[in-house]
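Participant: Each chain, written out:
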Amino acid sequence: MLTYFILIPIIIAVFLYMLACGKKGRAIAIIFQTGFVGAVYYVFTLTRQEEILTNIGGYDSILGIYLREDTMAAAFVLLTAIFFLIASIYSFREKDGRLFWFLIFIWQGASVGIFLTRDLFNAFVLIEVVTVVVAILIMFNRKNRSIYDGMFYLMLNVLVIKFYLLGLGYLYRMTGTMDIVIATEALVGMERSELVLPYALMMTAIALKCALLPMFSWLPKAHGSPAAPSAVSAILSGLHIKCTIYLFLRMQEMFSTLISAYEFFLVIGVLTGIVGFVLAMAQSDIKLILAYHTISQVGLIFAGLSMGSYYSHIGGMYHIVNHALFKGALFLSAGSIIKAYGTRDVYQIRGLLRRYPGLGIATLMAILGITGAPLFNGSISKYFMATDASAQMNVILIFMSLGTIISFVKYGSMLFGKSDAEPEAGVKVPAEQQIAVFALGFMCFFTGVFGVQSVQFLFNTSVTIDRLGYLEKAGIFFASAIAGFFIYKYYIKTSKLLKRLRSFEMGFRSACVCIGVFFAALLLTVGLVQYYY
Amino acid sequence: MNTGILNTDLIELICILVFFLGFYGLIATTNVIKSIVFLWVMEMAVIMFFLSIGYNIGIVAPIGTDLVPGQVADPLPQALMITTIVIGLAVTAVNITMLITLVRKHKSANWDILRKKSSES
Amino acid sequence: MIYAILVLWIFLAAIIIPERRGIRIIIYFAIFSLVTALSFFLLGSPDVAMAEAAISTFSTIFFVICFEKHFRLKADGEGDPEKKEVSKAAAAKKYVLPLLLIVPLFALFIFFRPGPEVSTYLKDLYITRFAQDVGGVNAVTSIYLAYRVYDTLFEALVLVIAIVAVSHMSAFKEMTVPDGEHSDIERDGLAVFTIRIIAPILLLFGVYLVMNGHISPGGGFQGGVAVAAFFICRYMIYNIYDMPVKKIIRLEEVLFMTAVAIAVFGVFLGAGTFVPLEYLRLYQESYLILMNILIGLKVACACIVLFYRFVAIERR
Amino acid sequence: MASILEIAGSVLIAAGAILMVLGTFGLLKFKRFYPRILISSKIDTVGMLTLLLGLVVRHGFSFFSAKIVLIIVILLILNPLVAHILSRSAYMSGE
Chain X
1 MLTYFILIPI IIAVFLYMLA CGKKGRAIAI IFQTGFVGAV YYVFTLTRQE EILTNIGGYD
61 SILGIYLRED TMAAAFVLLT AIFFLIASIY SFREKDGRLF WFLIFIWQGA SVGIFLTRDL
121 FNAFVLIEVV TVVVAILIMF NRKNRSIYDG MFYLMLNVLV IKFYLLGLGY LYRMTGTMDI
181 VIATEALVGM ERSELVLPYA LMMTAIALKC ALLPMFSWLP KAHGSPAAPS AVSAILSGLH
241 IKCTIYLFLR MQEMFSTLIS AYEFFLVIGV LTGIVGFVLA MAQSDIKLIL AYHTISQVGL
301 IFAGLSMGSY YSHIGGMYHI VNHALFKGAL FLSAGSIIKA YGTRDVYQIR GLLRRYPGLG
361 IATLMAILGI TGAPLFNGSI SKYFMATDAS AQMNVILIFM SLGTIISFVK YGSMLFGKSD
421 AEPEAGVKVP AEQQIAVFAL GFMCFFTGVF GVQSVQFLFN TSVTIDRLGY LEKAGIFFAS
481 AIAGFFIYKY YIKTSKLLKR LRSFEMGFRS ACVCIGVFFA ALLLTVGLVQ YYY
Chain E
1 MNTGILNTDL IELICILVFF LGFYGLIATT NVIKSIVFLW VMEMAVIMFF LSIGYNIGIV
61 APIGTDLVPG QVADPLPQAL MITTIVIGLA VTAVNITMLI TLVRKHKSAN WDILRKKSSE
121 S
Chain R
1 MIYAILVLWI FLAAIIIPER RGIRIIIYFA IFSLVTALSF FLLGSPDVAM AEAAISTFST
61 IFFVICFEKH FRLKADGEGD PEKKEVSKAA AAKKYVLPLL LIVPLFALFI FFRPGPEVST
121 YLKDLYITRF AQDVGGVNAV TSIYLAYRVY DTLFEALVLV IAIVAVSHMS AFKEMTVPDG
181 EHSDIERDGL AVFTIRIIAP ILLLFGVYLV MNGHISPGGG FQGGVAVAAF FICRYMIYNI
241 YDMPVKKIIR LEEVLFMTAV AIAVFGVFLG AGTFVPLEYL RLYQESYLIL MNILIGLKVA
301 CACIVLFYRF VAIERR
Chain D
1 MASILEIAGS VLIAAGAILM VLGTFGLLKF KRFYPRILIS SKIDTVGMLT LLLGLVVRHG
61 FSFFSAKIVL IIVILLILNP LVAHILSRSA YMSGE
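Chains as they are written, first to last, in this note's numbering: chain X, 1 to 533; chain E, 1 to 121; chain R, 1 to 316; chain D, 1 to 95.
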């Protein structure tokens, strides 16, 4: 049954491409996406009782490939379906629609496939499909430097997938299987020292695809590319990164009986978060600000997932969903803003709330979500992360959210004021784009107000929020918001160092060196911890 | 049996060596075409590693009826590696098209020059 | 014997690194691929060796065109304004500094290498079961087309995407070359004559590989490339550019959809369980042959389009 | 009876190998292009063909030998062609 969630989008993609129906095609696309959300929701409700397994081909034992949908996978698949529906509504009038819908649908099918598959080699094949699709979408309009960006993205990802494949080879040699569940059982009796190498190889690949610290140089190029349609940037930031975070979770789970490099990923996550928002402060291009922010948020998610307590894990998981919602809203609205104002410079865009109230309110809600304002979804996930954390960790989290606030004060200054670059009255934002952006923005608010219920609904676990603790967090938020405003006004605006950071860029060879360094660091950490204990 | 294990071990070492030679080439060269060649070299090393799993002297291809498991090569990596090779071809084709378009535009295939000229335009 | 060849393999991989001349890189790379294919064969995997030999031929064509374009443009234009005379110290720095990373990395890798034990659990299962489960004689094709046909579908999909990508990203939007803009190749009478003799044999060989994929080495993919090579020969003999590319792309997509449908009805639905026992063998064999033919045709279409794009359009 | 065939085959294989070694020696000795192409086509044609013929003789009349005969035929067609194209392009590029 699960097979068709992957195959049907792909079949429809090829079908639409063959028939080359432009205007009819997008109607079919929207209808299909709505139906897809319904079908996914139906399966989602089924998984509340027990996980669903599909044995492709029905061969005995472990000879074939298994697909499974458990609680976690179901949440991700539901997120994918909703996200693609909204992105499709947003890009209803996309130019060159034939190719666009073809690639979007294949991307959707392959993403769902990554969430559902239990076979690691199958995951590799799907990742390659997605990589090629994304590389084409990045340079969709073939402007300026987009071809270079696309090539950079493609070559780096193709390089790192070789590491993954080599690690998979070692894993297969030792366990004799490529199935995650069966490999977990087979790994139980193994020596820890034997697994260090495959673990490091596979995790290096996954870490690059999640844009962790030394290896994030491809992400701003890919996500902030001016040539890509805005819906593509939104899906890249909101969903595509999550595919690999999901694989990271599965892989950690698989190796967890023997290896747990939680400390390593905690440190890397925190560092990534800090570097991400520092670089975001330096940018002036609105899409690049958001792209660097994705790095920062991924760092936060990794920190939450690696802290090791129940609540921080829930917080990390919930932040994945939240990040998809508000980053989607921000990227989509950024696309509309760029079209309306005709510029990408954050200092030239002013008066958004007055000109375009719909876009402005959605942007405002998303900003409140990402900075962790009370009643919005970011606050819930950040609260869960901080619940069981140590005192130092709490300070670090507050520092990270302060950094987020500072850079979003800059972003939020678009909402008010007046400037020369304001558009003529004639430039209108299409209704469907406003609907899509507003839907995502509203969801940020909704999942914040009903935070506990949303967590229960998505992850099927029970959580509670302590009112007093939440109020304390709200106080901290307001304090840091005021602090952030003044820091931005008196330091960031005039800083020379940040201006220099703006032109920070890594070449391909330095990126390769970074991969090597990360691999060595991970190998040494995991290996030395083994001798230490 | 003992020599069999030694055999796989040596081939594995060679594969790792070539894998890192390819990686070294990626870091040391500035030419994009050569980078693509080295990606291919790395892929070949990985494929060789997969195929050498369980290699023993006198092993035969897994083709025929009434095979004895101890005497034939492992069929699963072979099937997977065909998939990998085809994907490699597709990715290389895409990559080279991008590169030719870039070279046509900027008249160079050097990573640094391409970066500089791309950010100018 | 395999060790002697593997030593040559390492040597070829190493010799590409400092080489600057494009033509030599291509020659070394071609020999490297051939040696790789030979060692695959010695490792007991003729199917992969065939695929590798076929693919390396194609990628060599790509590289030739890429290098040719590069050098011609470099000579035409002003060249690189930044180009300086590279001093020996700078060159040494360029090649020695990466060693500081690579050598420790290699040492670490060797240090943490897991032990040589091989788990043969799945292999034994496959070897003992594939004949009755799938009905093929070639275990590799059986896995490729039945147990893991799900992977194979995505592999076919990547080729479909690649062709779309190649025509989208190219500087030239048109699918066919307008008249009078051909870049003719230097043709030699003897070569054309010999290719005329070879081409039918090639086609026959390709069809043989496709049709016999389930009982002997080969299969849809390898045979498909050989069939595509026949069309390349046609181009070399007549020097014509009249390939109906659009129709071939359309045909490829139809074939892909058909392959998905056949896989769904043949394997995913578990149709084998409903077939009466006396017809099971027939059903299984016809499934394998049909799938091989579909994939072979699809790959042939893809390779023809790729070759045509690169040689006729990108090369201009 | 079979042993005679085997001995004859082995002798042929050895002769082929010796021819190849001599050819390689010649390849190293000559420095100019045209002598080299002369020598290398010797290796390809004579050495290889003798070796393959030796294999055919050793195995007698079987499916395996038939495949080798096919290889011999293809070699006979293609090797001179390769030598021809190489020397032609060398001549045209002014070697």
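Worth double-checking, as some hints may not be accurate.
Unchecked claim - Below are the DSS-like pairs computed for lysine-lysine, each with C-alpha atoms no more than 30 Å apart in a straight line: (1) X:K339 / R:K93; (2) X:K24 / X:K95; (3) R:K93 / X:K23; (4) X:K496 / E:K107; (5) R:K247 / X:K95; (6) R:K173 / E:K107; (7) X:K24 / R:K94.
In case anyone wonders, no lab produced these hints; they're calculated from the structure.
Participant: Tell me, which hint numbers fail for this structure?
Facilitator: Of the numbered hints given earlier, those the structure breaks are 1, 3, 4 and 7, listed in rising order.
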